[in-house]
Amino acid sequence: MTSPLTLVEAADLVSGELVGGDKGLFIDGVQTLAKASKHHASFLSNMKYKADLQSTQAGLVLLSEKSEIPADTSFAIIQLQDPYVGFTLLQRYFNPAPTSTGKIHDSVVMGASADIAPNVQIDAHVSIAKDVRIGADCIIGAGCVIEEGVTLGKGCLIHPRVTLARGTQLGHRVIIQAGAVIGSDGFGFAWTGDSFLKIPQVGRVIIEDDVEIGANTCIDRGAIDDTVIKAGAKLDNLIQVAHGVEIGYHSVIAGQAGIAGSTVIGNGCQMGAQSGVAGHLKLVDGTIVGAKAGVIGDTKEKGMISGFPAVPHRQWLRASGMFDRLPEIWKKIRKLSDGAE
Amino acid sequence: MTSPLTLVEAADLVSGELVGGDKGLFIDGVQTLAKASKHHASFLSNMKYKADLQSTQAGLVLLSEKSEIPADTSFAIIQLQDPYVGFTLLQRYFNPAPTSTGKIHDSVVMGASADIAPNVQIDAHVSIAKDVRIGADCIIGAGCVIEEGVTLGKGCLIHPRVTLARGTQLGHRVIIQAGAVIGSDGFGFAWTGDSFLKIPQVGRVIIEDDVEIGANTCIDRGAIDDTVIKAGAKLDNLIQVAHGVEIGYHSVIAGQAGIAGSTVIGNGCQMGAQSGVAGHLKLVDGTIVGAKAGVIGDTKEKGMISGFPAVPHRQWLRASGMFDRLPEIWKKIRKLSDGAE
Amino acid sequence: MTSPLTLVEAADLVSGELVGGDKGLFIDGVQTLAKASKHHASFLSNMKYKADLQSTQAGLVLLSEKSEIPADTSFAIIQLQDPYVGFTLLQRYFNPAPTSTGKIHDSVVMGASADIAPNVQIDAHVSIAKDVRIGADCIIGAGCVIEEGVTLGKGCLIHPRVTLARGTQLGHRVIIQAGAVIGSDGFGFAWTGDSFLKIPQVGRVIIEDDVEIGANTCIDRGAIDDTVIKAGAKLDNLIQVAHGVEIGYHSVIAGQAGIAGSTVIGNGCQMGAQSGVAGHLKLVDGTIVGAKAGVIGDTKEKGMISGFPAVPHRQWLRASGMFDRLPEIWKKIRKLSDGAE
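Protein chains in written order, with the working numbering: chain A, 1 to 341; chain B, 1 to 341; chain C, 1 to 341.
Hints in this document: simulated from the structure, not taken from any laboratory. For glycine and all other residues, C-beta sits at the position ideal for the given N, C-alpha and C. One thing to keep in mind: the hints can contain errors.
Selected chain A positions facing chain C (Cβ under 8 Å, derived; list incomplete) [stated by the list, open to error]: (1) Val-30; (2) Ala-51; (3) Thr-88; (4) His-159; (5) Arg-161; (6) Gln-177; (7) Gly-179; (8) Gly-303; (9) Trp-330.
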């Protein structure tokens with residue numbers, strides 16, 4: 001679809017410096033070092049794959065400015081600051097994001113007072129309740145359900161079978177993968193002595209610009225205050241975000257992580273896969289929660305924490321490395337105690 | 001929508017005692033202490049927010065009978081046994097649960113012999129198979145799929161895109177959040193020596209009165225016996241309930257918890273977020289499983305267990321507090337051993 | 001529906017040896033020992049239920065060849081190599097898998113160039129994009145969304161509300177439970193210094209013959225290479241499979257497990273519930289990952305690993321058994337140190 005790139009054009013696109021290579025060569029796609037062929041660009045970013053550099057058939061390889069240039073290579077080289085960003089730019093060039101067809105399928109059920117901007121694509125079996133506003137150039141996949149009072153900014157891409165519950169507000173260019181549920185009721189009940197009374201969940205979910213939400217992830221509406229996902233945050237699949245949570249700018253949450261109610265995750269934070277943060281906490285900007293960690297207290301300074309209860313990562317790493325020795329420790333202590341006492 | 005309350009009416013509604021305050025003041029909503037304004041009721045339940053009491057703009061605050069009455073407050077006070085219950089009652093007054101419109105959308109596909117009671121609302125693109133019975137006043141959200149032989153009691157609220165698989169039985173006033181799957185096949189295969197043979201999953205899912213099920217939670221049908229969720233139990237989002245599990249009355253399961261096959265969770269139990277219970281176990285009434293805990297044995301008495309393998313909570317807490325010291329322990333032992341041996 | 005079996009027919013079907021019993025008795029179903037009545041077959045496989053053998057009302061019980069034959073039983077006995085396989089065979093006889101009605105519902109939206117084989121059942125509100133191929137005898141449940149270029153082999157059973165995203169390839173007899181998302185975008189972003197750039201995810205998901213995928217499980221498409229689930233693998237509910245993962249033949253993954261990007265799980269592996277494997281790893285054939293384990297390194301030989309970071313299972317078991325003693329260890333060490341120094 002997109003036209004091939006010469007090596008010079010590729011170097012331009014990624015703001016890198018072309019080293020050697022056949023000026024007549026054109027690149028028509030991107031591949032891993034192991035699978036690339038002559039007209040592919042490839043890249044070395046994760047050093048785990050360094051050995052593949054010897055055997056790659058790629059016509060072009062992106063390397064870090066800090067890497068030494070291998071001698072006698074069969075491929076051209078572009079040196080640049082960050083080969084991963086360069087790879088991304090090439091990949092985006094060859095695989096442009098989908099664009100709206102501007103067609104609304106006949107089977108779409110449209111509520112009263114819906115305000116649909118020009119060039120919006122809505123696929124089959126979508127249900128749109130009243131007072132919904134959808135910005136220009138949005139794509140709404142098949143089987144989505146958009147409840148009353150929901151607003152979408154421009155250029156959102158909502159994959160199939162997503163639920164946007166009542167009052168949910170999306171900014172511009174939000175991407176939501178299939179099956180996600182945005183705005184489900186938070187989990188709130190008051191025990192009366194003989195049963196639980198459901199607490200109405202009246203807050204909304206606010207998702208700002210350029211956020212991406214993964215498949216089958218759930219973001220509960222606030223109990224009273226809104227649940228807020230700030231601009232640029234990225235959430236993977238099967239994540240649980242409870243009521244009243246706030247996730248800061250450009251924070252990244254990996255799959256199956258969970259965040260309990262009213263917790264505030266700062267800006268530029270990371271949460272590893274299957275990690276969890278308890279409720280009513282504050283993680284400062286730049287907090288990194290290790291995979292599977294369980295955080296039960298506020299963080300005071302940026303940096304990585306791990307384990308459950310979470311402690312500074314290095315501390316956890318050292319202690320974990322000793323865990324296996326517990327039987328040996330016990331044995332030694334018994335010996336020492338018996339001798340000493 | 002609902003009319004405002006005077007302070008006296010509010011005190012009546014929550015069965016509390018009004019202390020001071022402007023008799024002419026009316027309350028038209030509920031807010032947190034931090035965000036409340038003059039016509040809001042607020043409450044103090046989690047002591048983490050006690051400082052907000054000084055600065056709140058709320059016209060009315062619900063306080064525990066056990067709290068001391070602050071002097072010179074700008075707000076009226078209602079004292080009552082449980083401010084959280086009081087808040088819930090006010091919130092429910094101002095935000096009544098949705099009620100059925102009684103309309104069945106034209107796009108609904110209705111199977112043979114469907115028995116739909118009066119005043120049932122069924123939204124767009126719902127699919128109802130044969131022999132389904134739906135009780136009065138139910139609301140079925142858009143995109144739900146209700147398979148053959150499913151029964152719903154009265155007043156159920158099924159949010160969009162829920163699957164109720166063949167034979168599932170719901171009691172009265174059951175609430176199911178969007179995307180949940182009730183009655184998927186249990187995970188059962190027999191290894192024949194060269195491949196797995198799928199074991200037909202012929203049990204059903206039985207969900208009793210007043211149960212709430214969270215978004216994208218999965219409850220598998222029984223392999224032979226039914227999977228049963230007893231009256232008043234509450235399940236959060238993204239929970240896995242395997243085949244043949246039984247969850248007792250008023251038990252509460254937090255997000256991303258998982259329960260393996262044939263396990264029986266007693267009455268009034270709690271499971272923390274991301275916790276798990278192995279298969280074929282029995283947890284007695286009142287068992288509390290800590291967040292992230294992994295339970296691999298029956299419990300014999302009520303109380304909290306934590307860790308993996310789970311042990312009594314206090315024991316886990318003490319041991320966890322020592323975990324970081326493992327390197328130090330190792331060092332000391334080495335020193336002692338070298339000296340002693 | 002299916003006709004009852006005589007004891008001789010039942011023994012034939014499960015390739016077992018009939019011991020005693022009333023030749024005139026017929027069996028019309030299968031039940032647990034505890035719930036069986038006269039015309040039921042039952043079985044003893046999990047020794048936890050051995051006591052039920054005394055009181056069972058079953059007319060027939062399947063027992064292992066290695067079990068001793070109880071004296072004076074009221075039931076007939078079939079001895080066979082694996083009672084669990086025998087139970088499965090009987091259960092499959094009495095509960096045959098659903099077969100296609102061959103009907104395509106009027107509400108199905110069919111894309112251009114769809115190639116639908118004979119005897120395919122497609123239920124209500126399904127959306128099929130262009131260039132989709134569906135093999136003979138498939139059943140597609142209500143509300144499924146099948147995107148452009150998807151291929152299904154013969155005899156697949158796709159439960160309701162499943163998403164098969166663009167380019168996904170299914171083999172024959174694949175079963176997918178409700179709500180699963182196959183082919184969502186992998187979680188890939190490059191940080192440019194001030195924001196994340198989405199990396200186009202251009203790989204596909206390839207699911208081979210006889211794979212089963214659980215409810216609300218998510219399998220991401222590859223970033224560049226495909227994500228591959230090999231023949232006979234079985235995945236439970238709410239599992240996260242990241243981009244570029246490969247899962248080997250007949251591997252079994254339990255509920256809520258997660259596998260990070262580009263990791264290769266070998267053949268005949270098992271992953272316990274809530275376990276996780278980090279990215280870019282290789283687990284050799286026959287690796288067994290314990291429940292809740294976190295694997296952060298390759299495995300070199302088959303066998304079970306547990307804990308986080310995962311270590312050989314026995315090692316973890318011994319160390320875990322000592323965990324509670326940490327406070328005691330600390331106390332003893334303090335005593336020894338104070339005495340010794």
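Status of each hint after checking the structure:
1. Val-30: holds (7 Å)
2. Ala-51: Result: violated, 13 Å to nearest chain C Cβ.
3. Thr-88: holds (4 Å)
4. His-159: Hint on His-159 of chain A: holds, closest Cβ of chain C at ~7 Å, below 8 Å.
5. Arg-161: With a closest approach of 6 Å, the Arg-161 of chain A hint holds.
6. Gln-177: This hint holds: Gln-177 of chain A lies near chain C, its Cβ roughly 4 Å from the closest one there, short of 8 Å.
7. Gly-179: holds (5 Å)
8. Gly-303: violated (18 Å)
9. Trp-330: Holds, because the Cβ-Cβ distance from Trp-330 of chain A to chain C comes to roughly 5 Å (cut-off 8 Å).
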